[in-house]
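So the sequence lines, in the order shown, correspond to chains B and G.
Taken in order, the first sequence gives residues 1 to 83; the numbers are from this note's numbering.
Taken in order, the second sequence gives residues 84 to 672; the numbers are from this note's numbering.
Honestly, the hints are just simulated from the structure, not real lab data.
Fair warning: there could be bad hints in the mix.
[To be verified] Just so you have them, the derived chain G footprint on chain B, three or more residues with Cβ under 8 Å: (1) 5-13; (2) 27-36; (3) 45-52.
All C-beta atoms, glycine included, are put in the ideal place defined by N, C-alpha and C.
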Amino acid sequence: MASEADVLDAIRSIAQSELEVERPVQPGDDLLADLGLDSLGLTVLAVGLENRFRVKLSQEDAVGVRTVEDLAKLVVRRSGASA
Amino acid sequence: MNAPSRLVGSTQPPPRHASLLEALGRAAEHPSGLTFVDASEAEETLSWSEVLARARATAGALRRLGVFPGDRVAIVLPTAPDFMDAFFGALLAGAVPVPLYPPVRLGRLEEYHRATARMLQLSGAVLVLTDGLIGRLLGQAVAAARPRLGCHRVSKLREAGDVPHEASVAPDALAVVQFSSGSTVDPKPVALSHANVMAQVETIRALMPVREGVRPLGVSWLPLYHDMGLIGCLVSAVAYPGPLVLLRPEQFLARPALWLRALSRHRGTVSAAPNFAYALCVRRIRAEELEGVDLSSWALALNGAESISAEVARRFVERFGPYGFDARALVPAYGLAEASLAVTFAPSRATLRTLSIDAHALAAEGQVRPGERTLVSVGRPVPGAEVEIRGESGEVVPARTVGRIHVRGPSVMVGYLGQPEATRAVLVDGWLDTGDLGFVAEGELVVSGRAKDVIILRGANHVPQEFEEALEGLEGVRTGCAVALGTIPQGAEGEVLVLLVELSPDPPADLADRIRTRVLERTGIRPHSVELLLPGTLPRTSSGKLRRREALRRWQTGTLTPPRKVRWLGLAGAMVKSAVALARAERDP
Numbered sequence: 001m002a003s004e005a006d007v008l009d010a011i012r013s014i015a016q017s018e019l020e021v022e023r024p025v026q027p028g029d030d031l032l033a034d035l036g037l038d039s040l041g042l043t044v045l046a047v048g049l050e051n052r053f054r055v056k057l058s059q060e061d062a063v064g065v066r067t068v069e070d071l072a073k074l075v076v077r078r079s080g081a082s083a
Numbered sequence: 084m085n086a087p088s089r090l091v092g093s094t095q096p097p098p099r100h101a102s103l104l105e106a107l108g109r110a111a112e113h114p115s116g117l118t119f120v121d122a123s124e125a126e127e128t129l130s131w132s133e134v135l136a137r138a139r140a141t142a143g144a145l146r147r148l149g150v151f152p153g154d155r156v157a158i159v160l161p162t163a164p165d166f167m168d169a170f171f172g173a174l175l176a177g178a179v180p181v182p183l184y185p186p187v188r189l190g191r192l193e194e195y196h197r198a199t200a201r202m203l204q205l206s207g208a209v210l211v212l213t214d215g216l217i218g219r220l221l222g223q224a225v226a227a228a229r230p231r232l233g234c235h236r237v238s239k240l241r242e243a244g245d246v247p248h249e250a251s252v253a254p255d256a257l258a259v260v261q262f263s264s265g266s267t268v269d270p271k272p273v274a275l276s277h278a279n280v281m282a283q284v285e286t287i288r289a290l291m292p293v294r295e296g297v298r299p300l301g302v303s304w305l306p307l308y309h310d311m312g313l314i315g316c317l318v319s320a321v322a323y324p325g326p327l328v329l330l331r332p333e334q335f336l337a338r339p340a341l342w343l344r345a346l347s348r349h350r351g352t353v354s355a356a357p358n359f360a361y362a363l364c365v366r367r368i369r370a371e372e373l374e375g376v377d378l379s380s381w382a383l384a385l386n387g388a389e390s391i392s393a394e395v396a397r398r399f400v401e402r403f404g405p406y407g408f409d410a411r412a413l414v415p416a417y418g419l420a421e422a423s424l425a426v427t428f429a430p431s432r433a434t435l436r437t438l439s440i441d442a443h444a445l446a447a448e449g450q451v452r453p454g455e456r457t458l459v460s461v462g463r464p465v466p467g468a469e470v471e472i473r474g475e476s477g478e479v480v481p482a483r484t485v486g487r488i489h490v491r492g493p494s495v496m497v498g499y500l501g502q503p504e505a506t507r508a509v510l511v512d513g514w515l516d517t518g519d520l521g522f523v524a525e526g527e528l529v530v531s532g533r534a535k536d537v538i539i540l541r542g543a544n545h546v547p548q549e550f551e552e553a554l555e556g557l558e559g560v561r562t563g564c565a566v567a568l569g570t571i572p573q574g575a576e577g578e579v580l581v582l583l584v585e586l587s588p589d590p591p592a593d594l595a596d597r598i599r600t601r602v603l604e605r606t607g608i609r610p611h612s613v614e615l616l617l618p619g620t621l622p623r624t625s626s627g628k629l630r631r632r633e634a635l636r637r638w639q640t641g642t643l644t645p646p647r648k649v650r651w652l653g654l655a656g657a658m659v660k661s662a663v664a665l666a667r668a669e670r671d672p
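If we strip away everything but chain B, and leave its shape as in the complex, we get (with noise of 0.2 Å):
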């Protein structure tokens, strides 16, 4: 199962290589208003955790997730169910 600064490490990871975002990402950054991540954005995010954590990240999933650490845990929730 994976930790929860696993999964924010690889969210800064993919946020640096290939999302081009060049502030440092914190756990509290919103991910549009803070990151600016567009819809490609936010698909490159999800499925590169998917691909990495072998979760399944769904569109109901936005529902109540804003932040970097809503994703993080988010994920760790789904690889605990799925293990």
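Position chain G relative to chain B; hints supplied.
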């Protein structure tokens, strides 16, 4: 005097199949088929004969459920064998498949429900085919649209043990309905007959490059709810027939190298994508992902569905030339859903043919003069197609004069399904008004802009209202006084979204930022520029309707100025702050 702007393609090759069903029947005798590639590059293959057998089983179940010939069947599925069962199953039941886009991960559900419900209603779908995962998300859309026969998992239907079925259809029967844009605002269901689609794929076949002893092999990550993926790749492979390797669009976006690696692994010869995909490859693929990759088999790399940047093409060739990519493979094309797909193809060339024109003269007078803006020629009409450039009163204009691009040919749609008025507005005597602007130069078509209010971002069409409505209720925005426009700034890789917004009294200082976040939240699109304007600045018709194209023209030519009578000292501060925000956003697009 210049020659009139009329271009005629070579003779249309006679279609070899009267319908898609007949084409699938013939393909089943061919040893090739479909290969599905997943994120870890594991593959699953379905031969055409398996595709046919599975589709027959699905068609049997659809018939039992009460699907009749001519009924529309909506399909909401990812690129997977399930999609094939649904698409070809619906066709074999004599029905008309309507592929719709599946939900985006982490996207906004509310907007998705509304858009999907709207498209279900407009297409008159009697039934929705999906899978377990997506099915859970479709409840609201299905409840709102209430298709007569409900929503079903295609795998259950296929495995239900019904007597396999295969209808026969007339060539002029509807084959497929595709949406030209997928939002809640005014989506248009484009109705194509079997004859339309078969003519289009025959045309594409005639344009395939022939290399001695090499069989065409297609590779595609394009969405199957879009003309280029559905007709250009899937239906073309059926009709050819030949092998097609499919990747999921979202997997390509997450890791663009998967596309080029699949081309290399399978010795792919044909693959198409919009301009942004070529840019994405240059930007995001790392050298270590390309180890052992050989792109020398890629003979036709079509570039279409959005404006083409010569600079992106040049960088792609420079970057992937060392991996065997042949610059002559890169072929610009122009088309639209209403013409089934392709209207023109450029000839194969070592470098793209470009024209450097004066953007101001073009925008202000519709005249083509030498200047700084680079446009790419999209070539000549495909076999069977004719193109005319027409002026304001419908006359064919001389070469090098901008007008509306009109198209005629066997692939032009039957019409917008159930919308006779909208059909009459664009289709007269077999000629389709594309709503795009362009001109003819040296015997080839150059697309220079758009007369219709459509914004094309990353190959997807958006209507401006989608963005304008997102601003409703935002403090500081004058109600109903904002326009959304698409434009290509100098040096940009493609079209971007610009918002011109009139202010109401006492706007918040960070209004431009708030507008950006609101639009991003509601639409998933990040505006490139937000311009805040004094009230009354946007041009309107005499009846008070906003004139978007005129606003864009004035903005581009620097003549978008407020009426003299407006004097709001209080606004000055906000304007300065928003100008700062704008400058910041442009540095960090």
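Hint check results:
1. Given a C-beta distance limit of less than 8 Å, the hint that chain G covers the stretch 5-13 of chain B is violated, as 0 residues qualify and 3 are needed.
2. Interface restraint, the stretch 27-36 of chain B with chain G: holds (4 residues with C-beta to C-beta distance below 8 Å; minimum three).
3. Here the stretch 45-52 of chain B counts 6 residues with a CB under 8 Å from a CB of chain G, which clears the bar of 3, and the coverage holds.
Of the numbered hints given earlier, the model fails hint 1 alone.
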